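Number of protein chains: 2
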Amino acid sequence: MQRIPSKTVERLIVYRRVLASRVEGRSGHVYSHELAGMARVSAVQVRRDLMEAGFSGSPSRGYEVDELLGRIDRILDAPDGMKAVLVGVGNIGRALLSFLAGRGLKIEVVAAFDNDAAKIDRVISGCRVYDMQTLPERSRALGVRIGVIAVPGPQAQAAADALVEAGVTGILNFAPVPLLVRAGVQVEQVDIMRALEKVAHFAKQEKAREV
Amino acid sequence: MQRIPSKTVERLIVYRRVLASRVEGRSGHVYSHELAGMARVSAVQVRRDLMEAGFSGSPSRGYEVDELLGRIDRILDAPDGMKAVLVGVGNIGRALLSFLAGRGLKIEVVAAFDNDAAKIDRVISGCRVYDMQTLPERSRALGVRIGVIAVPGPQAQAAADALVEAGVTGILNFAPVPLLVRAGVQVEQVDIMRALEKVAHFAKQEKAREV
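Protein chains in written order, with my numbering: chain A, 228 to 438; chain B, 228 to 438.
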């Protein structure tokens with residue numbers, strides 16, 4: 228399968244989510260303009276994305292929901308699921324473990340790592356915490372493909388290096404620093420402070436306009 | 228001041244962060260290519276962004292760091308700071324309160340809201356939790372401008388409506404649903420599950436290529 232653009236992948240994830248949460252479930256048909264309304268994008272965008280995903284529904288009769296969801300699943304998910312590890316068991320790390328636990332996701336967090344002796348060997352939301360030193364060996368043995376980085380900024384690059392060394396090809400980075408990785412490793416940064424400061428800037432501008 | 232594009236604001240936030248974390252602190256000069264290296268963007272991008280921000284440094288001698296930081300502060304921050312409230316004191320909400328507490332930020336979380344009686348009146352990381360019902364009145368009285376939504380998806384739109392009613396003009400949304408708000412309200416979504424599923428998709432593609 229050819230590489231689907233990053234923004235299209237993001238929208239496919241949202242389409243799947245809004246379709247799965249419909250009251251009608253997986254049955255019936257959905258028109259592009261209905262799906263567009265639920266996902267807050269244009270109907271043209273929906274049709275373009277589904278074509279790009281190789282989905283040959285009939286726009287005039289609507290798309291068959293079950294077939295569409297099956298197609299998106301095959302594009303997005305690995306058939307046997309994917310194993311992930313968490314690096315850094317602080318506030319954000321613990322919240323993520325709790326948030327992800329027991330959701331029956333295709334992505335399973337199989338181990339967490341920290342260098343704080345007080346945290347090592349604890350089990351948090353069903354996930355055991357191991358010594359950072361054991362990360363490369365343990366992740367490789369477990370066949371881990373995804374790493375979630377939730378350590379402070381200065382430790383993030385070392386965490387990324389250890390993950391890539393262990394064979395990880397996808398990193399979700401919560402640390403507020405850009406990471407350098409080899410080609411072929413996908414890094415997605417979730418920069419909470421940047422998002423908050425951005426909202427504050429535009430809220431300030433709006434306030435200035437009101438006065 | 229004219230509206231600075233959203234992507235430029237994001238990069239200004241990163242420039243400020245990397246400059247502030249330099250060992251040399253606020254003193255001295257920095258060349259556009261140095262700042263570009265720290266922020267992992269191109270030097271051309273840095274020069275364009277700083278021009279857009281109205282900064283008249285000399286690219287040949289480098290930018291004066293203290294002056295540049297002062298300029299970015301004036302663009303991004305409200306001089307008297309900004310008050311924020313948190314809606315939803317679950318795993319993510321608690322992690323955010325802990326993460327933001329005591330950082331001396333220009334953005335202060337002055338109250339949290341939840342509809343769980345067991346959480347109301349508790350103080351979490353220095354922030355008191357109040358009954359959701361009191362959100363509009365209390366937020367208005369406190370002069371709150373920013374709302375952080377960390378409730379489950381089905382409750383997010385109601386939370387946004389209550390915040391906007393209370394005079395909030397900036398919303399940071401952690402719920403996995405798009406929000407409808409009136410023009411002039413800035414919404415920034417942090418979609419953790421989407422980011423994780425995206426990383427998993429590309430990690431799967433990479434695995435397929437390796438085989």
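Calculated from the structure, these hints are not laboratory results. Watch out, some of these pointers could steer you wrong.
Because identical chains cannot be distinguished in the list, a pair is counted as satisfied if it fits within a single copy or across any two copies.
[As the list claims (entries may be wrong)] With a straight-line cut-off of 27 Å between C-alpha atoms, the simulated DSS-like cross-links for lysine-lysine are:
# : residue 1 : residue 2
1 : Lys310    : Lys434
2 : Lys234    : Lys434
3 : Lys346    : Lys234
4 : Lys333    : Lys434
5 : Lys310    : Lys234
Nothing here was measured: the structure is a model prediction, and the numbers come from that model.
Evaluated hints:
| no. | hint | result |
| --- | --- | --- |
| 1 | Lys310 <-> Lys434 | between (46 Å within a copy, 12 Å between copies) |
| 2 | Lys234 <-> Lys434 | between (32 Å within a copy, 21 Å between copies) |
| 3 | Lys346 <-> Lys234 | neither (37 Å within a copy, 38 Å between copies) |
| 4 | Lys333 <-> Lys434 | between (44 Å within a copy, 16 Å between copies) |
| 5 | Lys310 <-> Lys234 | within (24 Å within a copy, 33 Å between copies) |
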